[in-house]
Amino acid sequence: MQVLYFGWVKSKVGIGQEQVSPPDGVESVGGLIDWLKARGGGYEVAFADASEIRAAVNHEIAPHEALIKEGDEVALFPPMTGG
Amino acid sequence: MQVLYFGWVKSKVGIGQEQVSPPDGVESVGGLIDWLKARGGGYEVAFADASEIRAAVNHEIAPHEALIKEGDEVALFPPMTGG
Amino acid sequence: MIRVQTEDFDVGAEIGRITDGNLEIGGLASFLGLVRDFAGDEKISAMTLEHYPRMTEKQLEKLEAEARERWELQDVLIIHRFGRLEPGERIVLVATAAPHREAALESCAFLIDWLKTKAPFWKLEDRETGPSWVTAREEDEVAADRWVRVSDK
Amino acid sequence: MIRVQTEDFDVGAEIGRITDGNLEIGGLASFLGLVRDFAGDEKISAMTLEHYPRMTEKQLEKLEAEARERWELQDVLIIHRFGRLEPGERIVLVATAAPHREAALESCAFLIDWLKTKAPFWKLEDRETGPSWVTAREEDEVAADRWVRVSDK
Numbered sequence: 001m002q003v004l005y006f007g008w009v010k011s012k013v014g015i016g017q018e019q020v021s022p023p024d025g026v027e028s029v030g031g032l033i034d035w036l037k038a039r040g041g042g043y044e045v046a047f048a049d050a051s052e053i054r055a056a057v058n059h060e061i062a063p064h065e066a067l068i069k070e071g072d073e074v075a076l077f078p079p080m081t082g083g
Numbered sequence: 001m002q003v004l005y006f007g008w009v010k011s012k013v014g015i016g017q018e019q020v021s022p023p024d025g026v027e028s029v030g031g032l033i034d035w036l037k038a039r040g041g042g043y044e045v046a047f048a049d050a051s052e053i054r055a056a057v058n059h060e061i062a063p064h065e066a067l068i069k070e071g072d073e074v075a076l077f078p079p080m081t082g083g
Numbered sequence: 001m002i003r004v005q006t007e008d009f010d011v012g013a014e015i016g017r018i019t020d021g022n023l024e025i026g027g028l029a030s031f032l033g034l035v036r037d038f039a040g041d042e043k044i045s046a047m048t049l050e051h052y053p054r055m056t057e058k059q060l061e062k063l064e065a066e067a068r069e070r071w072e073l074q075d076v077l078i079i080h081r082f083g084r085l086e087p088g089e090r091i092v093l094v095a096t097a098a099p100h101r102e103a104a105l106e107s108c109a110f111l112i113d114w115l116k117t118k119a120p121f122w123k124l125e126d127r128e129t130g131p132s133w134v135t136a137r138e139e140d141e142v143a144a145d146r147w148v149r150v151s152d153k
Numbered sequence: 001m002i003r004v005q006t007e008d009f010d011v012g013a014e015i016g017r018i019t020d021g022n023l024e025i026g027g028l029a030s031f032l033g034l035v036r037d038f039a040g041d042e043k044i045s046a047m048t049l050e051h052y053p054r055m056t057e058k059q060l061e062k063l064e065a066e067a068r069e070r071w072e073l074q075d076v077l078i079i080h081r082f083g084r085l086e087p088g089e090r091i092v093l094v095a096t097a098a099p100h101r102e103a104a105l106e107s108c109a110f111l112i113d114w115l116k117t118k119a120p121f122w123k124l125e126d127r128e129t130g131p132s133w134v135t136a137r138e139e140d141e142v143a144a145d146r147w148v149r150v151s152d153k
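Protein chains in written order, with the numbering used here: chain A, 1 to 83; chain B, 1 to 83; chain C, 1 to 153; chain D, 1 to 153.
Hints in this document: simulated from the structure, not taken from any laboratory. Don't take every hint at face value.
[Unchecked claim] Derived Cβ-Cβ restraints for the label pairs, each shown as a range: (1) A:E65 x D:K43: 56 to 64 Å; (2) A:G71 x D:T6: 45 to 53 Å; (3) D:S45 x A:E44: 25 to 33 Å; (4) D:E7 x B:E65: 34 to 42 Å; (5) A:E44 x D:V142: 29 to 37 Å; (6) B:S21 x C:D145: 22 to 30 Å; (7) D:E138 x A:E60: 48 to 56 Å; (8) D:R84 x A:E44: 28 to 36 Å; (9) B:P63 x D:E7: 28 to 36 Å; (10) A:V20 x C:D145: 51 to 59 Å; (11) D:E61 x C:E61: 41 to 49 Å; (12) C:P99 x A:D72: 38 to 46 Å.
Note that CB positions come from ideal geometry on N, CA and C, so glycine has one too.
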């Protein structure tokens with residue numbers, strides 16, 4: 001599963017994207033965030049408050065409840081500031 | 001008193017402006033409209049429905065109740081269509 | 001700034017004059033009005049805008065002052081043409097600049113709404129069936145009224 | 001039409017490309033967003049816009065489609081820049097053309113409101129105190145929400 005980070009999430013995690021293989025049981029965006037946070041370090045800082053994190057699954061905005069699966073592209077980022 | 005006509009009021013009256021000397025008793029925009037209408041011809045056609053007529057006194061939008069006096073510049077016209 | 005003129009104007013140049021070098025502007029909203037080649041289902045070959053010269057500038061200046069009082073604006077531009085215009089020609093440009101977009105967008109909509117009903121212009125269309133004065137639209141009154149403050153009613 | 005690019009754009013040329021020769025357009029509304037040289041009371045020397053390339057075009061195309069579904073529009077243009085921009089530089093241009101002004105003005109406001117919260121861009125400001133990510137404004141959520149249809153809630 002490809003995970004991309006943007007904005008201050010990227011700054012805090014320290015990388016822009018990575019390939020991850022979350023264990024069985026990590027089935028949603030929210031589950032992925034919790035799993036990443038548990039890695040500690042920059043991840044723990046970036047995902048300290050999950051309510052601040054927005055997500056996209058395969059380039060579509062998705063809520064934390066959205067299901068994810070092997071092969072998906074998941075992006076995690078702060079609220080967008082376009083315009 | 002200088003009276004100016006615009007839009008279809010001008011087309012119907014047939015002239016763009018004129019000097020008029022309404023008699024005592026014609027003290028408001030509404031009174032002027034009634035007095036002009038009584039002249040008949042194009043005036044009667046232009047002012048047939050006074051509710052369609054808008055006015056300005058000395059370049060300021062004015063209601064039919066607005067008082068007018070010798071020396072004023074009064075303009076009578078249909079609703080404006082700017083923009 | 002107010003301009004009432006027969007000549008055409010250059011939208012890009014006008015907007016550039018407002019924004020160039022002003023580093024405090026966050027957003028510029030604009031509205032450009034054009035002559036269409038139809039009205040209802042009739043073709044129009046030209047539109048002649050008549051106005052009330054001494055009153056027009058006064059009214060437009062009042063509109064600008066009203067917009068500046070209601071919103072924090074860095075610049076206001078209203079250019080309104082008069083005379084004979086053909087389909088496709090520019091009639092009016094309203095542009096407002098502000099630190100944030102809300103003030104720019106709202107004041108631009110306000111100005112064009114009020115121009116429609118409070119600027120002393122009258123439009124004569126050359127239709128296939130002959131010349132015809134444009135009548136005020138009911139919706140324009142409604143649009144203008146939504147900007148009337150309760151305290152002014 | 002959607003364009004996501006690092007290069008600057010020419011507002012007058014872009015608007016002209018929409019209006020020239022289209023005799024059915026009655027009004028064109030536009031919004032131009034610029035980099036300001038301050039944020040709060042701090043000076044800004046530059047702003048870097050990061051975006052999510054494959055998603056950005058998709059989201060902007062959705063926004064255009066949504067605007068065209070809600071209003072009768074003759075044209076929609078969204079140009080959004082990314083990369084490093086200095087104060088005074090153009091960031092975004094939204095332009096909408098319609099037979100009547102209401103559709104043009106409303107859809108332009110709609111598009112810029114939704115761009116603020118639904119277009120995957122993130123802004124990093126170079127402040128005197130160092131780089132700082134722009135945080136989303138509460139007001140932007142409110143502004144975006146007013147366009148949500150009851151049926152979509």
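Hints, verified against the model:
1. A:E65 x D:K43: 56 to 64 Å: The hinted range 56 to 64 Å is violated for E65 of chain A and K43 of chain D, with Cβ atoms some 42 Å apart.
2. A:G71 x D:T6: 45 to 53 Å: violated, 31 Å
3. D:S45 x A:E44: 25 to 33 Å: With Cβ atoms ~32 Å apart, the hint holds.
4. D:E7 x B:E65: 34 to 42 Å: violated, 60 Å
5. A:E44 x D:V142: 29 to 37 Å: holds, 32 Å
6. B:S21 x C:D145: 22 to 30 Å: About 38 Å separates the Cβ atoms of S21 of chain B and D145 of chain C, which means 22 to 30 Å is violated.
7. D:E138 x A:E60: 48 to 56 Å: With Cβ atoms ~25 Å apart, the hint is violated.
8. D:R84 x A:E44: 28 to 36 Å: holds, 30 Å
9. B:P63 x D:E7: 28 to 36 Å: Since the Cβ atoms of P63 of chain B and E7 of chain D sit about 55 Å apart, the hinted range of 28 to 36 Å is violated.
10. A:V20 x C:D145: 51 to 59 Å: holds, 58 Å
11. D:E61 x C:E61: 41 to 49 Å: Roughly 43 Å apart at Cβ, these two residues keep to the hinted range, so it holds.
12. C:P99 x A:D72: 38 to 46 Å: About 41 Å separates the Cβ atoms of P99 of chain C and D72 of chain A, which means 38 to 46 Å holds.
Violated hints, listed in ascending order, are 1, 2, 4, 6, 7, 9; each of the other numbered hints is respected by the structure.
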